[in-house]
Amino acid sequence: DQQVKQNSPSLSVQEGRISILNCDYTNSMFDYFLWYKKYPAEGPTFLISISSIKDKNEDGRFTVFLNKSAKHLSLHIVPSQPGDSAVYFCAAVFGNEKLTFGTGTRLTIIP
Amino acid sequence: GAVVSQHPSWVICKSGTSVKIECRSLDFQATTMFWYRQFPKQSLMLMATSNEGSKATYEQGVEKDKFLINHASLTLSTLTVTSAHPEDSSFYICSARHGGTGGENEQFFGPGTRLTVL
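Sequence order for the protein chains is A and B. The first sequence begins at 6 in the numbering used here and counts up by one. The second sequence begins at 317 in the numbering used here and counts up by one.
Any given hint could be a false lead.
As the list claims (entries may be wrong) - The calculated lysine to any residue pairs, modelled on SDA-like cross-linking and capped at a C-alpha distance of 20 Å, are: (1) A:43 - B:321; (2) A:43 - B:322; (3) A:43 - B:406; (4) A:103 - B:347; (5) A:103 - B:345; (6) A:103 - B:380; (7) A:43 - B:325; (8) A:103 - B:386; (9) A:103 - B:365; (10) A:103 - B:369; (11) A:103 - B:367; (12) A:43 - B:353.
Read the hints as simulated data drawn from the structure, not as lab findings.
Based on the provided sequences and hints, a complete structural model is requested.
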């Protein structure tokens with residue numbers, strides 16, 4: 006059972022525009038959500054996170070939105086840059102338990 | 317930010333041999349380390365969770381006698397793939413987590429190790 010889902014395996018966005026990556030989850034016990042960025046043949050890099058008590062967290066070009074009632078979170082990147090091309094994983098966790106990852110979305114920024 | 321290293325970054329071995337992969341947290345103490353495996357075009361699959369000084373907890377379907385994990389210190393965990401076979405070829409990634417409180421659960425990932433079994 007996939008508790009964290011990223012339904013779009015890939016996304017292409019023009020440079021300078023906004024990239025929106027989506028993630029849905031089913032377990033209402035999750036209380037912390039994270040986004041990771043991954044380049045090929047490298048380990049994931051932490052990007053941004055959000056606690057379940059918030060609905061928005063912003064860090065520079067990256068903003069994560071959480072809609073608890075819809076069990077949905079999204080990552081906004083604006084403006085998108087070529088270096089943002091990577092695979093993005095959302096992850097969720099309950100307390101000190103293990104991370105549960107989505108299947109990833111490959112973002113391609115078109116110059 | 318916290319740095320996690322892995323060694324080696326890539327390894328090629330013959331079928332039937334054993335391979336050891338090291339994961340080190342360089343600037344913090346990691347009470348918990350995780351080992352993941354990534355298959356092509358798939359998400360990260362958690363293999364096991366190791367806590368310093370205790371036995372690793374393996375996920376369902378992961379053979380603990382084949383994937384030996386040792387977390388002997390707060391900065392080092394090792395994964396040994398025993399009697400490796402071509403189907404074990406994959407990208408293995410470790411991560412480490414602080415043991416402190418604060419509600420944050422970021423894991424810091426190593427760069428990964430590409431294992432190719434001939």
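Evaluated hints:
Among the hinted pairs, residue 43 (chain A) with residue 321 (chain B) is consistent with the structure: their alpha-carbon atoms are about 16 Å apart, no more than 20 Å. Distance restraint check for residue 43 (chain A) and residue 322 (chain B): the Cα-Cα separation of roughly 16 Å lies within the 20 Å cut-off, and the hinted pair is therefore satisfied. This hinted pair checks out: residue 43 (chain A) and residue 406 (chain B) have alpha carbons roughly 16 Å apart, not beyond 20 Å. This hinted pair checks out: residue 103 (chain A) and residue 347 (chain B) have alpha carbons roughly 13 Å apart, not beyond 20 Å.
With a CA separation close to 18 Å, the supplied pair residue 103 (chain A) and residue 345 (chain B) stays within the 20 Å bound. Between residue 103 (chain A) and residue 380 (chain B) the CA atoms are separated by roughly 18 Å; this keeps the pair inside 20 Å, and the hint holds. For the suggested pair residue 43 (chain A) and residue 325 (chain B), the alpha carbons sit about 16 Å apart, so the restraint of at most 20 Å is met. A hinted pair counts as satisfied when its Cα atoms are at most 20 Å apart, and residue 103 (chain A) with residue 386 (chain B) qualifies at roughly 18 Å.
Proximity of residue 103 (chain A) to residue 365 (chain B) is assessed by CA-CA distance (about 8 Å); at most 20 Å being required, the pair is judged to hold. Distance check on the hinted pair: residue 103 (chain A) and residue 369 (chain B) sit about 18 Å apart at the alpha-carbon level, within 20 Å; holds. For the suggested pair residue 103 (chain A) and residue 367 (chain B), the alpha carbons sit about 12 Å apart, so the restraint of at most 20 Å is met. Taking the CA atoms of residue 43 (chain A) and residue 353 (chain B), the gap is about 14 Å. The hint holds against a cut of 20 Å.
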